[in-house]
Amino acid sequence: MIDFKTLLHSETGFIPRTEAQALQGFSEGILNPEYYIYRAVNIHPILEEPWDVHEMDRLLAQPDLDIETAVILMAAFERMIQDPDKELALFAAESINALERKFITRIQGYRTTLETMPEPGLMRNVIKEYRSLARLHTSRPVLRSFYLEEARLFFEEHKKSLVDPDVDITAFIEILLDLKLVDRASRIIRNALKHYPDNRNLRYLAARSAYLEHRFSDVIKHMELLVEGSSDDTYAALQLFWTSGACRG
Amino acid sequence: MELLILAALPASTGLLFPSLFDTAVLKMVPYALVFPVVTALRGLGWASITGLIAGSAGIMVQLTVARVAPASLLVFPDVETIVVWLGTAALSLAISFLRNHSINSRSTLLQRLRTSVHEVGQLQRKNQVLEQVNRVLEGRVSSQKDSITFLHDQVRKLASLNLDQALDTILETIAMFTELGSGSIWKYDDDKHGLVPAAVFGWSAGLPVAGSQAAAAPAPASIWDATLDPDTTVEGYVLRNRKMFSVRMLLEGSEFDRFVTDRNIITLPVVIGAKVWGVLNIEDLPFERYSQYTETILAIILSLSEPYLRRIVEYETLNDQGEIDPDTGYPLYSILYRTLESDLERISFEPGFVSLIVLEIINYTELSALWSKDDLRHMFVAMKNDIDKLKRMKVKVFHFKEENQLVLLAYDLDQDGTSFFCLDILSMFSEYRFTIGDTTIPIELVIGFSSSAQSGSSADSMVAAAEHLLSVQRI
Chain A
1 MIDFKTLLHS
11 ETGFIPRTEA
21 QALQGFSEGI
31 LNPEYYIYRA
41 VNIHPILEEP
51 WDVHEMDRLL
61 AQPDLDIETA
71 VILMAAFERM
81 IQDPDKELAL
91 FAAESINALE
101 RKFITRIQGY
111 RTTLETMPEP
121 GLMRNVIKEY
131 RSLARLHTSR
141 PVLRSFYLEE
151 ARLFFEEHKK
161 SLVDPDVDIT
171 AFIEILLDLK
181 LVDRASRIIR
191 NALKHYPDNR
201 NLRYLAARSA
211 YLEHRFSDVI
221 KHMELLVEGS
231 SDDTYAALQL
241 FWTSGACRG
Chain B
1 MELLILAALP
11 ASTGLLFPSL
21 FDTAVLKMVP
31 YALVFPVVTA
41 LRGLGWASIT
51 GLIAGSAGIM
61 VQLTVARVAP
71 ASLLVFPDVE
81 TIVVWLGTAA
91 LSLAISFLRN
101 HSINSRSTLL
111 QRLRTSVHEV
121 GQLQRKNQVL
131 EQVNRVLEGR
141 VSSQKDSITF
151 LHDQVRKLAS
161 LNLDQALDTI
171 LETIAMFTEL
181 GSGSIWKYDD
191 DKHGLVPAAV
201 FGWSAGLPVA
211 GSQAAAAPAP
221 ASIWDATLDP
231 DTTVEGYVLR
241 NRKMFSVRML
251 LEGSEFDRFV
261 TDRNIITLPV
271 VIGAKVWGVL
281 NIEDLPFERY
291 SQYTETILAI
301 ILSLSEPYLR
311 RIVEYETLND
321 QGEIDPDTGY
331 PLYSILYRTL
341 ESDLERISFE
351 PGFVSLIVLE
361 IINYTELSAL
371 WSKDDLRHMF
381 VAMKNDIDKL
391 KRMKVKVFHF
401 KEENQLVLLA
411 YDLDQDGTSF
421 FCLDILSMFS
431 EYRFTIGDTT
441 IPIELVIGFS
451 SSAQSGSSAD
461 SMVAAAEHLL
471 SVQRI
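Line by line, the protein sequences give chains A and B.
With the working numbering applied, the first sequence covers 1 to 249.
With the working numbering applied, the second sequence covers 1 to 475.
Any given hint could turn out to be false.
[What the hints assert, rightly or not] Here are the computed lysine-lysine pairs in the DSS-like style, where the Cα-Cα straight-line distance is at most 27 Å:
(1) B:Lys-373 / B:Lys-384
(2) A:Lys-194 / A:Lys-221
(3) B:Lys-389 / A:Lys-86
(4) A:Lys-128 / A:Lys-102
(5) A:Lys-159 / A:Lys-194
(6) A:Lys-86 / A:Lys-102
(7) A:Lys-86 / B:Lys-384
(8) B:Lys-401 / B:Lys-373
(9) B:Lys-157 / A:Lys-86
[Stated by the list, open to error] Computed footprint of chain B on chain A; a stretch qualifies when at least three of its residues, placed anywhere within it, have a C-beta under 8 Å from a C-beta of chain B:
(10) 83-89
(11) 107-121
Think of the hints as simulated: they come from the structure by calculation, not from any bench.
By construction, the Cβ of each residue, glycine as well, lies at the ideal position given by its N, Cα and C atoms.
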């Protein structure tokens with residue numbers, strides 16, 4: 001049997017830190033395929049202790065960091081910040097700051113471009129990033145509300161350009177629901193449903209709004225009116241949960 | 001154009017250098033050469049056409065420039081001429097064969113090259129896609145939060161003897177798996193005749209009340225002042241009936257009409273042993289997370305927490321019996337004995353072990369001459385905390401028969417595990433210095449231990465085995 005020392009030998013001295021680097025090294029012929037296999041199957045989840053600070057650092061440095069990963073990173077940093085190890089706590093605090101700055105920089109970039117090129121796509125990106133920031137601060141209600149409020153104000157400022165029921169109106173309603181402005185959201189949903197009665201997103205939001213107001217029979221009513229989509233769509237499981245068997249209203 | 005030049009070449013050569021081609025055979029040579037040359041360059045077809053043009057040009061030159069009579073051109077060729085032409089034909093055919101073979105080989109090679117280039121391109125694209133997929137998978141795997149390993153990590157944190165910390169961990173785990181906004185764990189308080197919060201998550205101030213009733217609800221002075229009436233709340237219903245509540249059940253009948261249901265999305269009994277100890281209430285849950293999955297995951301988390309909670313509650317019950325040291329807060333020997341008995345009884349029908357570890361400070365007399373009793377008690381607490389940090393495993397601590405002795409009860413360590421545990425403690429205390437004020441003194445420690453895996457199933461035999469080891473070490 002070949003030992004690890006032989007399998008994981010790197011002639012160039014390049015030691016891949018990630019699975020992607022190992023794959024790239026293998027593609028360029030400077031690493032054995034075993035390196036790739038080793039990295040691919042040995043990944044430490046970032047939420048698990050002991051903290052993998054290098055992995056967090058690597059993820060944090062990604063320019064196109066997605067919100068899902070950012071939220072998980074934030075959850076890890078929130079826990080790290082309470083660590084008795086001061087260095088670790090400091091790292092967490094700085095990382096939270098960097099994470100927030102990353103999204104704010106994106107917003108500033110979009111806003112600058114918007115001054116010369118007022119395109120709905122860019123406006124949607126601004127709203128999306130504000131909502132991402134709100135998601136990042138789920139455990140800090142004040143900051144969360146602040147970013148949601150920014151998203152709401154931005155939408156209202158540009159509402160003439162943002163008229164797509166599936167993208168814009170649903171996003172606006174979601175912001176209102178996240179801000180717990182349920183009455184206003186319900187009014188908008190009712191009006192929108194008059195124009196687009198078969199719109200699945202609007203119908204789903206109507207159910208969500210009813211749920212927040214504890215009108216559970218209305219939830220079922222909306223879920224039943226939700227036009228059937230493909231079996232693997234986002235709403236299928238919820239529709240099945242609410243409308244099947246004993247929960248039928 | 002080049003073929004026309006080649007075709008004109010033999011006739012032109014005859015005209016320019018007539019002395020070189022003075023015999024009939026020599027005159028034929030330039031014409032005969034046209035065939036193999038053009039065959040090599042363009043193939044047999046073009047060679048025939050070029051040959052015809054060259055022949056026609058030669059005849060024209062003979063008729064017009066050399067003034068040869070047309071009849072003299074129609075004579076039958078002699079043997080030498082025929083040989084030249086046959087040789088030319090054979091050479092042209094051979095060249096044509098070689099040329100065709102070469103063209104075919106080249107074409108095959110080109111085709112192979114094209115296929116290879118195409119395949120390389122495809123592989124590069126495949127590689128790029130694979131790299132992208134890899135990056136995504138890598139992110140997903142490294143950032144997974146609903147993972148079984150994460151759940152295990154969280155459950156391990158419950159192995160403390162601190163009830164508040166354990167309940168907070170349960171709520172934190174639930175939040176990670178279900179994204180709940182707020183939730184709480186309630187237990188029945190005999191003095192208040194109602195349910196009081198044992199742990200809360202996501203409460204900004206006071207009892208959260210849903211929707212429009214939030215403003216009207218009287219806010220208690222602090223979170224911990226909240227009290228629920230067991231007769232009019234869903235929490236009370238769940239506590240009494242040991243049944244889960246889910247808001248969908250409101251639509252099934254009138255069973256819950258008499259209860260206040262504004263705060264309850266999912267409510268579950270927290271069962272410890274065979275009894276309902278308290279109630280877990282999910283107050284704010286995102287719409288998309290209210291599902292069968294969440295109901296199941298809540299039940300799973302509570303079920304996994306049950307053995308840990310049972311141990312903590314048992315320990316707290318013992319502490320509440322009053323037989324504790326007022327300075328350290330550790331239970332006395334009588335409680336140790338009863339705990340050991342009940343643990344041994346439990347493991348007689350459940351898998352697991354219990355280990356009794358007695359720590360004795362040899363230089364206690366020296367220490368007590370320097371420090372007050374309070375200081376020494378403080379030292380015991382510090383020692384216990386350091387052991388917790390070292391082992392990352394919570395143990396129950398008691399006082400033993402003498403005041404220089406502490407006892408640790410550790411669980412699920414077999415005989416070898418207990419030995420290693422004791423060795424680790426000894427190794428830690430070999431360099432241990434305890435400082436109070438300006439005085440720093442090393443602590444000399446001996447350890448006696450016994451494990452239910454070896455020392456039988458009675459508390460007496462375990463205590464005796466540990467004391468025997470202690471006495472051996474004192475010598």
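To see whether the hints hold, each was checked on the structure:
Straight-line distance between C-alpha atoms of Lys-373 of chain B and Lys-384 of chain B comes to about 17 Å, which keeps the hinted pair within the 27 Å bound. Our distance criterion of 27 Å between C-alpha atoms is met by Lys-194 of chain A and Lys-221 of chain A, whose separation comes to about 16 Å. Restraint check: the Cα-Cα separation between Lys-389 of chain B and Lys-86 of chain A comes to about 17 Å, which is no more than 27 Å; the hinted pair holds. Proposed proximity of Lys-128 of chain A and Lys-102 of chain A is supported: the alpha carbons are some 14 Å apart, at most 27 Å.
With a C-alpha separation of about 19 Å, the suggested pair Lys-159 of chain A and Lys-194 of chain A falls inside the 27 Å cut-off, and the hint holds. Our distance criterion of 27 Å between C-alpha atoms is met by Lys-86 of chain A and Lys-102 of chain A, whose separation comes to about 24 Å. Restraint check for Lys-86 of chain A and Lys-384 of chain B: the C-alpha separation of about 23 Å stays at or below 27 Å, so the hint holds. Taking the CA atoms of Lys-401 of chain B and Lys-373 of chain B, the gap is about 16 Å. The hint holds against a cut of 27 Å.
Between Lys-157 of chain B and Lys-86 of chain A, the direct Cα distance comes to roughly 21 Å. Compliance with the 27 Å bound is thereby established for this hinted pair. A stretch counts as covered by a chain when three or more of its residues have a beta carbon under 8 Å from one of that chain; for the region 83-89 of chain A and chain B the count is 0, and the coverage is violated. Here the region 107-121 of chain A counts 0 residues with a CB under 8 Å from a CB of chain B, which misses the bar of 3, and the coverage is violated.
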